[in-house]
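Asker: Take a look at the letters that make up each chain.
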Amino acid sequence: MNTGQIISGAGHLALIGWALFGGVFRSDPPPFEVVEATTISTEDFAALLARTTSPEAVATVDTPEPPAPGDAAPPLASTPDTAPESTPPEAQETAPPDPAPDVTEITPPAPAEVEDTAPVMETPQEDVAVMVPQVSPRPKPRPAPRVAPEAVAPPEPDVRIDEVAQPEVAPDEGAEVPQEPAEATAQEEAATEIVTEAEESKDTAPTSSLRPKPRPARPVQQAETPKPAETPKPATTETPKPAAPATDQSAVNDALAAALGTSQQTDTAPSGPPLTSGEKDALRVSVQQCWNVGSLSTEALGTTVVVSVRMSEDGKPDNGSIRMDSFSGGGDAAARQAFEAARRAIIRCGANGFNLPPEKYDQWRDIEMTFNPESMRIK
Amino acid sequence: MMRFMMTLLAALTLWAMPALAQGNGPLRIEITEGVIEPMPFAVPDFVSDSAAGQELGRNIASVIAADLTGTGLFRQIPSSAHISRITSFESPVQYADWRAINAQALITGAVSTDGAGRIVAKFRIYDVFSGQELGAGQQLVGTQDGWRRIAHKVADQVYSRITGEGGYFDSRVVFVAESGPKDQRAKRLGIMDYDGANVQYLTDSTSIVLAPRFSPTGDRVLYTSYETGFPKIYVLDVASVGRRELPTQDATMSFAPRFAPNGRTVVYSLTQGGNTDLYTMDIGSGASSRLTTAPSIETAPSYSPDGSQIVFESDRSGTPQLYIMSAGGGEARRISFGEGRYGTPVWSPRGDLVAFTKQSKGRFHIGVMRTDGSEERLLTASFLDEGPTWAPNGRVIMFTRETQGEQGQASLYSVDITGRNLKQVPTNTGASDPSWSPLQN
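As you go down the protein sequences, you meet chains A and F in turn. The letter at position 233 of the first sequence is residue 233 when you use the working numbering, and the numbering goes up by one with no holes. So the mapping is simple: the working numbering equals the position in the second sequence, first residue as 1, plus 1000.
Take the hints with a grain of salt, since some may be wrong.
Part of the chain F face toward chain A, derived, beta carbon under 8 Å [said to hold, decoys possible]: (1) Pro1026; (2) Glu1030; (3) Val1035; (4) Pro1078; (5) Phe1129; (6) Ile1162; (7) Gly1164; (8) Gln1249; (9) Ile1283; (10) Leu1378; (11) Phe1383; (12) Gly1419; (13) Lys1423; (14) Val1425.
Source of the hints: derived by calculation from the structure; they are not laboratory data. The beta-carbon is built from N, C-alpha and C at its ideal position, and this holds for glycine as well.
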C-alpha cells in the first residue's frame, strides 16, 4: 500500500464521517400550529345550550265577529257640488296683428362671371423672404415724365438740372484755400415706373401677405440619391491602368494649361489688383444715369448690345473706340438704335471722366459693357 | 502622395479661374437699369436766302419741333438757349456748342423755292455726342400750300431714324364733328391732319353720321348715316367727296363697317329680325356673305393686318366680350376675361395688340391686350372714353373722351401705348369717333 492510497483512504473516511455526523442529512422539523384550549364545567355547558332554544307562546288573539245581516246601511248625505264661480276674463282689445313685413324684391346676386378657361395655378416662388408680401404691388409713384432706377423728388425751381446732384459752392472770402464757385445742381424729377391714368388711383396697400415658410427640414446625413442604373459590366474586369505621368512637374503644367486654356495671355494681362465690387458698381451707376431708353422702339428695347470702349487714364472714354461687339434679341436696325443709345450714355456721362481708381488703370483700360434693357421694357 | 498634391493643385487652379479670368481682358459690367426721359433735341430755323423763305423755314422748324415734342419721347431745347447759330446748311456743325446745352440730336435744314414755285427743303440729322450724322441728308419738294406736310415728313424721318420705329406725323384723321347742345347735337364728318390742322368737312349736318373708317390707302371713308331713317353704310371718296350707299337689304340696319386690308372687302354688322350678326361684302360686286349666326349681338369687327382674322365684340356669354375668329367665319375664341364689359376692339397695325374700350365699376377705360388676351393694360380712366384708333406705327392710340353733365362735350385725346403722354388733340368743335389714316404718300 503506497502513500497515495493511504491519503485517499483517509480522505474518504473523513468525508464519510463528516457526512454522517456533521448533520448533512438532517432536515429541519416541519412547522406546526399551536391552539389554546380551555376546560369548562357541565353546568356552564348546559347554560350555553339553553340560550339556543325557541321562546314559548304565552297569549292568544280573539277573532273579530262578523256583522249582522239586518243592519241598515247608513244614510249617505251629499250635496251637489256647485260650480265654482268664475269671473270671465275681461275682454281686452287685442293688439293688432303684426304688420306684414315689407316684401321688397330681393335682387338675386349677380351671377359670378365664370371664365371659360380654368385659372392657371402659379407655383409659388421658393426663394422669397418670409416676411415679404408676395402680392404686394410695387408702390405707384405719382407720374413723372422721367423714369429712373430710383425715384427723385422734384428739385427746387431755381436749381439747374444735371446728371449729378451737388450743393451750391460759394467762395468764402476768408478761406485760406481758394474755392471754385459751383452752381447748385439737382437731378431731374423721376419716378421708378410709368404710371398710366388708369393706375393712378389704385390702392397701394398689399392685398395679401406670404405665408411663412415651414421650418426647413433637418439636413439629411446621407443624401438619398437614386442609384444609377447599373450599367452592364464589360466582359473584361481588368481596367486599363492610366498612363503614368512622365514627370510630376509636367503634370502640373498640363493641369494648369488645361485650366487656363486659351485665355492665358501673359503678355497683355493687366497687372495690379482687380476693381472691387464697389468700384464696379460706381461705374455701373454712372453709366445707367445717362442710359436713356425712352426714345427706343419696342424692338430695340428687346435688344441687348455688348459695347466695348477704351478709356484714357483720366477716366474719359475714347469716343472713337466705342463699338458694338455683339447683340442679341433683335434685328440689325434695332441693334443699331440700341447701340446708339448705349454710346450716348457712355459719352455723356463719361464726358467729365468716370470715377475710377487711377492706380488700377490697367484693369479698366478696356471696358466691355452689356446693355440689357429687359427690366426697362416692363416699366 | 505626390499625385494627391498634384490633384489638389489642379483643383485649386480651377477654383481660382474666375478670379484669374477677371484679371485678363477687358473689365466687364452689365447695365440693366436706365432712365426713360424725353431726348433733348435742337431744331434751329431752316436757313433760307429770302425773307419769305426765312419765315417758311421758321414755320417748318416749328412744326417739326411740335411733332417730335408731341410724342413725349423728345424735348425741344428752345432756340434762345442755342450757343451756335446755323447760318449755312453746308457749314460744319460745332458739336461742342450743342453738347454744352445737352442737345443729343440736332436737325438742321434749308428751304428754298425752285423755278416752278415749289418748296425745296433739305435737312440733316446729327447725333451730337458721337459727333456723327445719322443717316444721309434728304431733300423734299412740295407745293407752297403743302409746307406742313413737308415738315411732317421731316419729323417722320427724324423720329424713325432715332427711335427705329415708323413715324405717324404725315397722316390724317377722319372724325365726327359735333356742335350744339347734347340733346340736339349736329354731327358731320370732318377730316384733318393728325395734329388738328387743316380741318375740312366731308358731309353736312342734315343727318346723323357715325363711325367713319379710313380705307387702307386713306383715299376712301366708310361711315354710317341715318339719312334714310335706318342706319345704312356709305362709302365716300375723300378727294371728290362723292359717296354711295352699300347695297343692303331694305328694313335692315347695317352699321360698324370696316375695310379689310385688301381695300375691296368690307366687314360690318347687320340687324335683321332682331338679331345682329357679322357680314362681309365685296364693294365692287355688292355680294355679301354671313360670318356669324349666333342669336347674340355680334358687332364692331376689325381685321388683323394680314386679313386672316377678325376681332369683334359679342355678348354671347352674357356680357359684351372680345372674340377672335377666322376672316371667313367659324369658331370664335374669346380673348377678354377681365372684370367688366369690353367693346370696340381694334387690331394694331403691327398685329401684336388689340386696343379696346372697357367699362368697369362705373368708369370707362381705353386699354390694350395681346391677341391671346394676355398682358391687358388699361391706359386711361374717365367718365367716358371709347372708340380707340391706332396711329400708323402702332405706337399711339387716339380715342373719344366725353365729359359728364349736360354741358359735357366730346373731344379727341391721344395716348402712348405705354400709358404716357395723354393729351388732347386740338379741334375747333366737339369731336368723336376718330379714325387714323395710314401714312400719306
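Asker: Now, for every hint given, state plainly whether the structure supports it.
Answerer: Comparing the hints with the structure gives:
1. Given hint, proline 1026/F at the interface with chain A, holds; its Cβ is 4 Å from that chain's nearest Cβ, closer than 8 Å.
2. With a cut of 8 Å, the hint placing glutamate 1030/F at the interface with chain A holds, because the nearest CB-to-CB distance is about 4 Å.
3. Of the supplied interface hints, the one on valine 1035/F holds, with its beta-carbon coming within about 4 Å of a beta-carbon of chain A, less than 8 Å.
4. For proline 1078/F, the shortest C-beta to C-beta distance to chain A is roughly 15 Å, which exceeds 8 Å, and the interface hint is violated.
5. Because the smallest distance between the Cβ of phenylalanine 1129/F and any Cβ of chain A comes to about 4 Å, under 8 Å, the interface hint for this residue holds.
6. Taken as an interface hint, isoleucine 1162/F checks out: its beta carbon lies about 6 Å from the nearest beta carbon of chain A, inside 8 Å.
7. The interface hint given for glycine 1164/F holds, since its Cβ lies 4 Å from the closest Cβ of chain A, which is under the 8 Å cut-off.
8. Against a cut-off of 8 Å between C-beta atoms, the interface hint on glutamine 1249/F is violated, since the closest Cβ of chain A lies about 34 Å away.
9. Interface restraint check for isoleucine 1283/F: the shortest CB-CB distance to chain A comes to about 34 Å, outside 8 Å, so the restraint is violated.
10. With 8 Å as the threshold, the beta carbon of leucine 1378/F comes within range of chain A, its nearest partner Cβ sitting at about 4 Å, so the hint holds.
11. Nearest Cβ of chain A to the Cβ of phenylalanine 1383/F: about 12 Å, over the 8 Å cut. The hint is violated.
12. For the restraint placing glycine 1419/F at the interface with chain A, the shortest Cβ-Cβ distance is roughly 3 Å, inside the 8 Å limit, so the hint holds.
13. Evaluation of the lysine 1423/F hint against chain A yields a violated restraint, the C-beta minimum of about 11 Å exceeding 8 Å.
14. A least Cβ separation of about 16 Å between valine 1425/F and chain A goes past the 8 Å threshold, and the interface hint is therefore violated.
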